[in-house]
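Using the sequences provided together with the hints, build the complete structure.
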Amino acid sequence: MIIHPRHTQIIAISMLVILTVFTLAILVFIILFVFSKGLPYISFDFLFSNPEDMGKAGGIFPTLIGTIVLPLLAIIIATPLGVGTAVYLTEYTRENRITRIIRFGADCLAGIPSIIFGLFGFIFFVTTLEMGWSIISGSLTLAFMILPTIIRTSEEAIKAVPYSYREVGFSLGATLWQTVRKIVLPNALPGIVTGIMLSIGRSIGETAAVIFTAGSSLRIPNSVFDSIRTMSVHFYILAREGISSKNAYATAAVLIISILLINLVTYWIMNRFIAKKTK
Amino acid sequence: MKVLTEKGIYRLLMIIALSAIAMLLLIVLFILKEGLPFIFITGIRDFLLSSEWKPAAGKFGIFPMLVGSLWVTLGAMIVGVPLGLAGAVFISEFIPRWAMKIIKPTIELLAGIPSVVYGFIGVMVLAPLIRDYFGGPGLSIAAGAIILGIMILPTILSISIDSIKAVPNSYREGAFALGATHWQTIHMVVIPAARSGIVAGIILGLGRAIGETMAVIMVVGNAVKLPGSAFDSVRTLTANIALEMGYATGKHREALFATGVVLLVIIMVLNYFAASAIKRGVKK
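Protein chains in written order, with my numbering: chain A, 100 to 378; chain B, 35 to 318.
Hints were generated in silico from the structure; no laboratory data involved.
Heads up, none of these hints are tricks.
Derived DSS-like pairs: lysine-lysine, alpha-carbon spacing no greater than 30 Å straight-line:
hint: 1; chain 1: B; residue 1: K199; chain 2: A; residue 2: K258
hint: 2; chain 1: A; residue 1: K258; chain 2: B; residue 2: K41
hint: 3; chain 1: B; residue 1: K135; chain 2: A; residue 2: K258
hint: 4; chain 1: A; residue 1: K258; chain 2: B; residue 2: K138
hint: 5; chain 1: B; residue 1: K135; chain 2: B; residue 2: K199
hint: 6; chain 1: B; residue 1: K41; chain 2: A; residue 2: K281
hint: 7; chain 1: A; residue 1: K136; chain 2: B; residue 2: K138
hint: 8; chain 1: A; residue 1: K136; chain 2: B; residue 2: K135
hint: 9; chain 1: A; residue 1: K155; chain 2: A; residue 2: K136
hint: 10; chain 1: B; residue 1: K313; chain 2: A; residue 2: K258
hint: 11; chain 1: A; residue 1: K281; chain 2: A; residue 2: K258
hint: 12; chain 1: B; residue 1: K259; chain 2: B; residue 2: K67
Dropping the structure here:
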């Protein structure tokens, strides 16, 4: 039996509609579910007071610090390395064996599960280098984790700067570094920043790599050698050990709001970039 | 004042690039160094195919975890791929531009939600449903597969949408001119043309599913045994590492690193396929 193409079209497209609506419904449900359970508990007190009784009561202030400090340090460590590598790869060498090896390495590591980074950080930073469970071990591990992303996004952003821009620099007698610093990097900046924002988002949501390297202390740290707990780790512990589902939902809602804010900022940067380009 | 000469900057950047790559190599070497000797001493066959994981008795066989990872990941694909693909085709071919502006950021937001949040929803919503309707402990392969399938949806969706959008409009016009319906155009022209990108998206999603740790720990129950059905509890390779890392010492710790080596090899193979799929797409 041959079904008329017009009928297969109707069947196929209604299937697509059903599946798409189902998909979007699941995804929207997740956000709404967390918000409906968590938002009512979020208050100034919840954000800025210390947890009591292992997180059963009280707020999340120390984990808020952890969530800001850890990704920030990781970015400070990884950005110069990543952007420097990208500049070297795109502006200072031709395609050769070294660039291929560097790219291959970055690609390989981009897909490695975070638990492997956690394992590495635990043995290398925490145990071998005797840094213990600390902010510094955690942020170094995160820096390793986000380095491939930063290299790749910066490379793409630098490559997207038209070659004619560089020619203008050279024709004015600028050296290669002057051209890179004053023309290429400023024009590639929005793309680089987007990569950094993506990495911050990934660091905030990371649990496996952080729990084994930064530990899970609920005290407010005095130095980078103190252990700290991020919001994701806090949420994991609250949820897994069944300490308080009320506080777990509230923490999850705060996490999603932070990711939302980061995405919004990234969008804003991207749009400004596109607007400038088309002007 | 010029502190750095051109030559100096060239050297500095080269050192930065090489040290970045050295850092990354360090990870792989370290994991291999800690894990490989253990695998060779135990024997690859014994380590991979023995079903006994009893760290206290010195028995380290990861077969149940391999099977666990395999089933959970396969299940995630069965859930995630059809939904992701159908969603991507519909969103990129039928949705007007203004609606895309809402849908794309939503998908990206979902990609950014910490995996533990997905895991928690699995525990609170999904596991009780499975327990009530299908029996078993609830925390099971099925729960893990559904949660991971949903988790990888944003990855599959956004990469597939990008590659379908990248198919030139002239292809579609050519098919329409031959009298093809919209659906015929989609499944005979657009999807084949976007295939490599879609495959890359699926493989990346697969990698994410295999590598996911904390969300999986929360929903699969973590029992070390060969599962009898989709509603049995299992433990995955990643969960095995994360659950026991905190207190493992000596041989036990080496065995966990060896588990990491196995995971690393699986991911490397997957990445290789993803990269060659993308390359094939570029060549065309």
